[in-house]
Amino acid sequence: MRTKASGLKKGEFIKHLDAIWQVQRADFYSPGKGSALMKARIKNLITSKNIDYAFKSNEDVDVLEVSCLEMEYLYKDTESLYFMDQRSYNQYTLPLSVVGDVANYMKEGNSYYVYVYDEKPLTMRPPSSVKLKIIETEDAIKGDTVSGAKKIAKVETGVTVMVPLFVKVGDLVTVNPETGEYGERVKE
Amino acid sequence: MQIKTLPNNLSAYKKSLLFKEAVHAFLHEKGFLEIELPVLSPELIPESYLEVFKTEFIYNDKKQSLYLTPSPELFLKRLLTRGIGDCYSIGKSFRNSDPPSPLHSFEFTMFELYKMHASYMDIANLVLEMLQFVNKKLNGKESDKINYNGVSVSLKKWEKIRVAEAFLRYAQIKEAQLFDHKKFLKAAREKGYKVEGSTYEDVFSQLYVQEVEPHLGMNGFPTLIYDYPTEFAALAKLNEDRKTAQRFEFYIAGVELGDCYSELTDWKEQEKRFEEEDNKRKQGGRIAHPIDKGFIQALQYGLEPCAGIAIGFDRLAAIFANVKTIEETKLITIS
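Here the protein sequences come in this chain order: V and Z.
Letter 25 of the first sequence, counting from 1, is numbered 25 in the working numbering, and no numbers are missing.
Letter 17 of the second sequence, counting from 1, is numbered 1017 in the working numbering, and no numbers are missing.
By construction, these hints were calculated from the structure, which means they are not laboratory data.
Owing to the predicted nature of the structure, the values given are computational and were not obtained by experimental measurement.
Check the hints yourself; a few may be wrong.
Said to hold, decoys possible - Just a sample of chain V residues kept apart from chain Z, beta carbon distances all over 10 Å, derived: (1) Leu17; (2) Thr47; (3) Leu96.
Stated by the list, open to error - In the PhoX-like style, the derived pairs of lysine-lysine whose C-alpha atoms are separated by at most 25 Å in a straight line are: (4) Lys43/V x Lys1194/Z; (5) Lys1280/Z x Lys9/V; (6) Lys49/V x Lys1191/Z; (7) Lys4/V x Lys1186/Z; (8) Lys43/V x Lys1191/Z; (9) Lys1272/Z x Lys15/V; (10) Lys1191/Z x Lys15/V; (11) Lys1004/Z x Lys10/V; (12) Lys1194/Z x Lys1237/Z; (13) Lys9/V x Lys1194/Z; (14) Lys1194/Z x Lys49/V; (15) Lys9/V x Lys1324/Z; (16) Lys1194/Z x Lys15/V; (17) Lys1194/Z x Lys4/V.
Glycine included, every Cβ here is placed at the ideal spot set by N, Cα and C.
One chain only, chain V, in its complex shape:
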């Protein structure tokens, strides 16, 4: 679907310079010389690299009609993550480089959303938070009441997260998979 660059929105997928990109942000910019522009930060889905590109606001851009399907995350190996569409039972593969650090916080058997275009998976839509169990952390030292103090904890997917001192082994906590930041302690 062709659209004017002035209508570009965060999250949309576009074809640009023979690659597929996801719009990370798009800001109107009128430099007072020539027509207005859309300054966009776009992420290349193959290399995962962000670039800034100034589109003329009246320039035609190919916005791709991408579907977002709920899929079961099966497993990963050193290069890829494997998913299954729970409706069609079709399997899809995403390179680890595309998913990025989010993969460190994903639990096998859980459902995640995957963007699919023309039957090919493009990337994942990272959840805003994931619930993970603490499997390793030191007990808080008594009397240490510095507010905001943090310690290292290992979560069930094997990576470490900085958590507040009151968090114990066996606790369930939320983590933002894009930043790796602790959110809160939650009940099962």
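With the hints as your guide, set chain Z onto chain V.
Frame of chain V, contents of chain Z only:
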């Protein structure tokens, strides 16, 4: 759109007030007269790249169209022709169809200043002195540096670069290509830009923003980029080469902050440019507004040589308050 109350911005807001105070103090010391201006006008300077806000004054069955001014220029230049002398205004300007972004809003504070018998490079000296003065007031007597967005900028001098040099250095476009529409569009196409159906001005602007602008104000000093092709002369006087206009813009840490001209005083040339801009507005389907004929008449009355600069006050305030967006210097906004 909604009204946003932002009490957490109090500290940056207070810094922006100190900044404003320092600017006033500097200009009063230099003998500039502050001018309070209307924001509604029955006629405007035609500018093809701007959309305007239109409203109506209604009394009984009489109606008068009025427009929110996108810049204070038409008022200030009238006063200049009447001998008011060095002057400035800091007030609201309005640009319709400009969606809010981190460094721009459709309603913003414009700081415009004129100096008589001066050229654009005299204004450059004045602005640098103002930046130094303001920085000392805000950051201490010894301070000649500011840090913004992780970039350290010394205010001791300008990094000056001609537009043609900047295109060569950052976009590998040679001078012979820059001033020839066909060659320029060809070079842009070879770089992967879409040029079909676009004007020279549009593609120039795109390349400038994409390849040149990110380097400006990033080399340890504020950058002054000057002598734009005549297509961007707007209300600026041409240089003797007739290829470039006496216009500069200045940048700190990649942020465009001001636009300066040696002012065009030739009313015939001005009238011609008004007609061209008005035609472009009509072709572009923009809101029709009466052309400010009084402005041309004022120029006929005679404008002494002068130069002027328009500075995005909110942006400069954000830089001195060291916040990333203009919204962060406000306590209340509409967005």
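How the hints compare with the structure:
1. Look at Leu17/V: its CB is around 6 Å from the nearest CB on chain Z, not clear of 10 Å, so calling it non-interface is violated.
2. With a minimum CB-CB distance of about 17 Å to chain Z, Thr47/V clears the 10 Å threshold, and the non-interface call stands.
3. Every beta carbon of chain Z lies more than 10 Å from that of Leu96/V, the smallest distance being close to 29 Å; the non-interface claim holds.
4. Under the criterion of a C-alpha separation no larger than 25 Å, the hint pairing Lys43/V with Lys1194/Z is consistent with the structure, at around 20 Å.
5. As the CA atoms of Lys1280/Z and Lys9/V are separated by approximately 28 Å, the hinted pair breaks the 25 Å bound.
6. Simply put, Lys49/V and Lys1191/Z have alpha-carbon atoms about 20 Å apart, close enough for the 25 Å limit, and the pair holds.
7. At most 25 Å may separate the alpha-carbon atoms for a hinted pair to count; Lys4/V and Lys1186/Z meet this at roughly 23 Å.
8. Taking the CA atoms of Lys43/V and Lys1191/Z, the gap is about 20 Å. The hint holds against a cut of 25 Å.
9. For the given pair, Lys1272/Z sits about 42 Å from Lys15/V by alpha-carbon distance, which is inconsistent with the 25 Å threshold.
10. Only pairs whose Cα atoms come within 25 Å are accepted, and Lys1191/Z paired with Lys15/V is accepted, the gap being roughly 17 Å.
11. Simply put, Lys1004/Z and Lys10/V have alpha-carbon atoms about 22 Å apart, close enough for the 25 Å limit, and the pair holds.
12. Our distance criterion of 25 Å between C-alpha atoms is broken by Lys1194/Z and Lys1237/Z, whose separation comes to about 31 Å.
13. For the given pair, Lys9/V sits about 20 Å from Lys1194/Z by alpha-carbon distance, which is consistent with the 25 Å threshold.
14. For the proposed pair Lys1194/Z and Lys49/V, the alpha carbon gap of about 22 Å is at most 25 Å, so the pair holds.
15. Restraint check for Lys9/V and Lys1324/Z: the C-alpha separation of about 21 Å stays at or below 25 Å, so the hint holds.
16. In summary, the hint linking Lys1194/Z to Lys15/V is supported, as the alpha carbons are separated by about 13 Å, within the 25 Å threshold.
17. Simply put, Lys1194/Z and Lys4/V have alpha-carbon atoms about 13 Å apart, close enough for the 25 Å limit, and the pair holds.
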